[in-house]
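K.L.:
Single-letter residue listing:
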Amino acid sequence: NAGVMQNPRHLVRRRGQEARLRCSPMKGHSHVYWYRQLPEEGLKFMVYLQKENIIDESGMPKERFSAEFPKEGPSILRIQQVVRGDSAAYFCASSPVEGVETQYFGPGTRLLVL
Amino acid sequence: KQEVTQIPAALSVPEGENLVLNCSFTDSAIYNLQWFRQDPGKGLTSLLLIQSSQREQTSGRLNASLDKSSGRSTLYIAASQPGDSATYLCAVEIDYKLSFGAGTTVTVRA
Numbered sequence: 094n095a096g097v098m099q100n101p102r103h104l105v106r107r108r109g110q111e112a113r114l115r116c117s118p119m120k121g122h123s124h125v126y127w128y129r130q131l132p133e134e135g136l137k138f139m140v141y142l143q144k145e146n147i148i149d150e151s152g153m154p155k156e157r158f159s160a161e162f163p164k165e166g167p168s169i170l171r172i173q174q175v176v177r178g179d180s181a182a183y184f185c186a187s188s189p190v191e192g193v194e195t196q197y198f199g200p201g202t203r204l205l206v207l
Numbered sequence: 019k020q021e022v023t024q025i026p027a028a029l030s031v032p033e034g035e036n037l038v039l040n041c042s043f044t045d046s047a048i049y050n051l052q053w054f055r056q057d058p059g060k061g062l063t064s065l066l067l068i069q070s071s072q073r074e075q076t077s078g079r080l081n082a083s084l085d086k087s088s089g090r091s092t093l094y095i096a097a098s099q100p101g102d103s104a105t106y107l108c109a110v111e112i113d114y115k116l117s118f119g120a121g122t123t124v125t126v127r128a
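Going line by line, the protein sequences match chains A and B. Take the position in the first sequence, starting the count at 1, then add 93; the result is the number in our numbering. Take the position in the second sequence, starting the count at 1, then add 18; the result is the number in our numbering.
These are calculated hints, taken from the structure and not from any lab test. Take these hints with a grain of salt, some might be off.
[To be verified] With a straight-line cut-off of 25 Å between C-alpha atoms, the simulated DSS-like cross-links for lysine-lysine are:
| no. | chain 1 | residue 1 | chain 2 | residue 2 |
| --- | --- | --- | --- | --- |
| 1 | B | LYS60 | A | LYS120 |
| 2 | B | LYS86 | A | LYS137 |
| 3 | B | LYS60 | A | LYS137 |
| 4 | A | LYS155 | A | LYS144 |
| 5 | B | LYS19 | A | LYS155 |
| 6 | A | LYS120 | A | LYS144 |
| 7 | B | LYS86 | B | LYS19 |
| 8 | B | LYS19 | A | LYS137 |
| 9 | A | LYS155 | A | LYS137 |
| 10 | A | LYS164 | A | LYS144 |
| 11 | A | LYS164 | A | LYS120 |
[To be verified] Now the stretches of chain B that chain A is said to cover, found in silico as 3 or more residues with beta-carbon under 8 Å:
| no. | segment |
| --- | --- |
| 12 | 51 to 61 |
| 13 | 113 to 127 |
These numbers were taken from a predicted model, which means no experiment stands behind them. Note that beta-carbon positions come from the ideal geometry of N, C-alpha and C, so glycine has one too.
From just these sequences and the hints, can you work out the full model?
P.N.:
So, in structure tokens, the structure goes:
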């Protein structure tokens, strides 16, 4: 059973460009969570999604950020018009059901905005 | 708002010494507490998960305790090895959200 997959692993964007981060949950997992780790800070919750539904996006900036988890395909975290402050590691986690067992984390996507 | 604090921020020990990592949290209404390991440039590996009704968990050389009433957890690593060098993260779960501490970076010197 493959683990949580994230791609790309590293992404470089110039200010004003768009960044699209992909997350494929573990097989059989229907819950996806996105976290952001800013330099020298702990991971912060961004958004929780189930298939075709955003359950909680309270940790996601209101502007420029969006997330989706379509019926088919990976979950996508999209950052429009990136700024230098968006440079961070973005981690995706998945679980089979909410709150029953641990969330399994992917390797992360490291975004660098020039 | 849940605040999770880890002390110390960094720790350097000689091989063979026991490690003690501390974690405190402000809201005791947690569902569970987890300890993760993070290697540079890598993802998170779950080490131990303690449900809110439990007081400790053990796995090999690792032992984690949980005192919900005082908002504290301690991770013990016995007989440390250079391969234990990593950043250790404490996270508490309320509902489905994990709140993380900033981590303790451990260096075990051979």
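K.L.:
Taking the hints in turn, state whether each one holds.
P.N.:
Against the structure, the hints:
1. Taking the CA atoms of LYS60(B) and LYS120(A), the gap is near 21 Å; set against the 25 Å cutoff, the hint holds.
2. Taken as a hint, the LYS86(B) and LYS137(A) pair is honoured in the structure, with Cα atoms around 22 Å apart against an allowance of 25 Å.
3. A C-alpha spacing of about 17 Å is found between LYS60(B) and LYS137(A), which places the hinted pair at or below 25 Å, so the restraint holds.
4. The hinted pair formed by LYS155(A) and LYS144(A) meets the criterion: a straight-line CA distance of about 21 Å does not exceed 25 Å.
5. Distance restraint check for LYS19(B) and LYS155(A): the Cα-Cα separation of roughly 19 Å lies within the 25 Å cut-off, and the hinted pair is therefore satisfied.
6. Only pairs whose Cα atoms come within 25 Å are accepted, and LYS120(A) paired with LYS144(A) is accepted, the gap being roughly 13 Å.
7. Distance check on the hinted pair: LYS86(B) and LYS19(B) sit about 16 Å apart at the alpha-carbon level, within 25 Å; holds.
8. Note on LYS19(B) and LYS137(A): the hinted pairing holds, with a Cα-Cα distance of about 12 Å set against a maximum of 25 Å.
9. Restraint check for LYS155(A) and LYS137(A): the C-alpha separation of about 15 Å stays at or below 25 Å, so the hint holds.
10. Of the pairs offered as hints, the one joining LYS164(A) and LYS144(A) holds, with about 6 Å between alpha carbons and a cut-off of 25 Å not exceeded.
11. Between the alpha carbons of LYS164(A) and LYS120(A) the distance comes to roughly 14 Å, so the proposed pair stays at or under 25 Å and holds.
12. Restraint check on the segment 51 to 61 of chain B versus chain A: 5 residues with Cβ-Cβ distances below 8 Å, three needed, restraint holds.
13. For the segment 113 to 127 of chain B, the assignment as covered by chain A holds, since 9 residues bring a beta-carbon within under 8 Å of that chain's beta-carbons and 3 suffice.
Of the numbered hints given earlier, the model fails none.
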